[in-house]
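All chains should be modelled from the sequences, with the hints used to inform the complete structure.
Reading the sequence shown from the start, the letters are residues 1 to 299 in UniProt numbering.
No lab work stands behind these hints, which were simulated from the structure alone. Don't take every hint at face value.
Claimed, not checked - DEER-style ranges, computed between Cβ atoms:
#, residue 1, residue 2, range
1, Ser-256, Lys-282, 32 to 42 Å
2, Glu-270, Ala-81, 31 to 41 Å
3, Lys-84, Val-125, 15 to 25 Å
4, Ala-48, Leu-285, 24 to 34 Å
5, Glu-86, Lys-61, 19 to 29 Å
Stated by the list, open to error - Calculated lysine-lysine pairs in the DSS-like style (CA-CA distance at most 25 Å, straight line):
#, residue 1, residue 2
6, Lys-282, Lys-80
7, Lys-195, Lys-215
8, Lys-61, Lys-292
9, Lys-282, Lys-37
10, Lys-258, Lys-282
11, Lys-37, Lys-65
12, Lys-121, Lys-65
13, Lys-121, Lys-84
14, Lys-116, Lys-292
15, Lys-271, Lys-236
16, Lys-192, Lys-296
Just so it is clear, CB atoms sit at the ideal spot from N, CA and C, and this is done for glycine as well.
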Amino acid sequence: MFVLREPQQLQILYESLEESIPESLKVYGALFHIRNKNPFNLEVLVDAWPEYQTVVIRPQKEEMKDDLDYYTNTYHIFTKAPDKLEEVLACPQVINWEQAFQIQGCQESLGEAIQKVAASKSVQVDYLRTVLFVFEKPTLEASSGDKMDLMKLLKIPKVLEDKRKETFQNIFLDVSHARLVNEHWELGKNEKSLKYVERCLQNFAGFGVLSSEGKPISWFLTEQSCEIRMGYTFPKYQGQGHMWQMGCHSIAYFFSKKIPFYIHVAEDKEKSHQALLSFGFKNALCGWHQWKCTPKRYC
Numbered sequence: 001m002f003v004l005r006e007p008q009q010l011q012i013l014y015e016s017l018e019e020s021i022p023e024s025l026k027v028y029g030a031l032f033h034i035r036n037k038n039p040f041n042l043e044v045l046v047d048a049w050p051e052y053q054t055v056v057i058r059p060q061k062e063e064m065k066d067d068l069d070y071y072t073n074t075y076h077i078f079t080k081a082p083d084k085l086e087e088v089l090a091c092p093q094v095i096n097w098e099q100a101f102q103i104q105g106c107q108e109s110l111g112e113a114i115q116k117v118a119a120s121k122s123v124q125v126d127y128l129r130t131v132l133f134v135f136e137k138p139t140l141e142a143s144s145g146d147k148m149d150l151m152k153l154l155k156i157p158k159v160l161e162d163k164r165k166e167t168f169q170n171i172f173l174d175v176s177h178a179r180l181v182n183e184h185w186e187l188g189k190n191e192k193s194l195k196y197v198e199r200c201l202q203n204f205a206g207f208g209v210l211s212s213e214g215k216p217i218s219w220f221l222t223e224q225s226c227e228i229r230m231g232y233t234f235p236k237y238q239g240q241g242h243m244w245q246m247g248c249h250s251i252a253y254f255f256s257k258k259i260p261f262y263i264h265v266a267e268d269k270e271k272s273h274q275a276l277l278s279f280g281f282k283n284a285l286c287g288w289h290q291w292k293c294t295p296k297r298y299c
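Now the structure itself:
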């Protein structure tokens, strides 16, 4: 595998991966941030250049100091040749199978190679599949009125506004909100996840809504692969359009900064699926996939 470092190489790869969206989204999104200050200190590996088949994005070695930190030890993978992926994954210079880590991607076909290599190395794999949603960008003419047109298109439905009994303010989250986010994140609620949330809030956009009392009641974050994650609304305020309100705020922001974005949702959360479809997202049939890999000695 070769490490790509030159800005021109990264630009060529970025443009190439765009042609494979949504299957390439995890790698594409991570590469966006690598080309823009690279706050998570990630690196890009390809099996060949420029005619690559597989791309692996991972933290640089000095980042993966904690053998039990799944949040930091995250690999994003895209391949055009799943039948050749096993050889790539088995290489210790590509994946450190001695520590706990996770692989995320938008191709179910990654799974066979991951499972085979993991079995050969006595590593337990916990697999998670969810529904991937990507936004269908509206056709807007390039003008100063774009933002206004977009906000009109995404206006909160009146049926949701009518359920509100107070005024709610949009905010950008900061690191002071990390503990609150972590406490309500289904995949968090521990000290390692708290450090990860803090790092995300220090480097990427997080969006929230404040009650009239000035307390956050709904929020979501973005992370190192440009994915929207960790969304939550307190039960008292659910069904009142707060995620919709943040969606309007965030999408205007993403478009203005030309940041790619997408979201995954558990398969059994039908109400969330319908809300995202109503908002303008579409179900990407490739799905969102995560393989959590743990050496047997840590199980």
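Lys-84 paired with Val-125, Cβ distance criterion 15 to 25 Å: Check passed, 20 Å falls within 15 to 25 Å.
Pair hint Lys-121 and Lys-65, alpha-carbon separation not exceeding 25 Å: OK: Lys-121 and Lys-65 at ~20 Å, within 25 Å.
CB-CB spacing for Lys-282 and Ser-256 relative to the 32 to 42 Å hint: violated, 22 Å
Agreement of Lys-116 and Lys-292 with the hint, judged by alpha carbon distance not exceeding 25 Å: holds, 14 Å
Pair hint Lys-195 and Lys-215, alpha-carbon separation not exceeding 25 Å: Answer holds: Lys-195 to Lys-215 is near 22 Å, not above 25 Å.
25 Å Cα cutoff - pair Lys-192, Lys-296: holds, 20 Å
Verdict for Ala-48, Leu-285 (Cβ pair) under range 24 to 34 Å: Holds, at about 28 Å.
Given hint Lys-236 paired with Lys-271 - CA-CA distance at most 25 Å: holds, 17 Å
Restraint check for Lys-121 with Lys-84, where alpha carbons must lie at most 25 Å apart: holds, 18 Å
Restraint check for Lys-61 with Lys-292, where alpha carbons must lie at most 25 Å apart: holds, 19 Å
25 Å limit on alpha-carbon distance, applied to hinted pair Lys-282 and Lys-80: Holds, at roughly 23 Å.
Status of the given 31 to 41 Å range, CB of Ala-81 versus CB of Glu-270: holds, 35 Å
Taken one by one, the earlier hints fail for this structure at numbers 1, 9, listed in ascending order.
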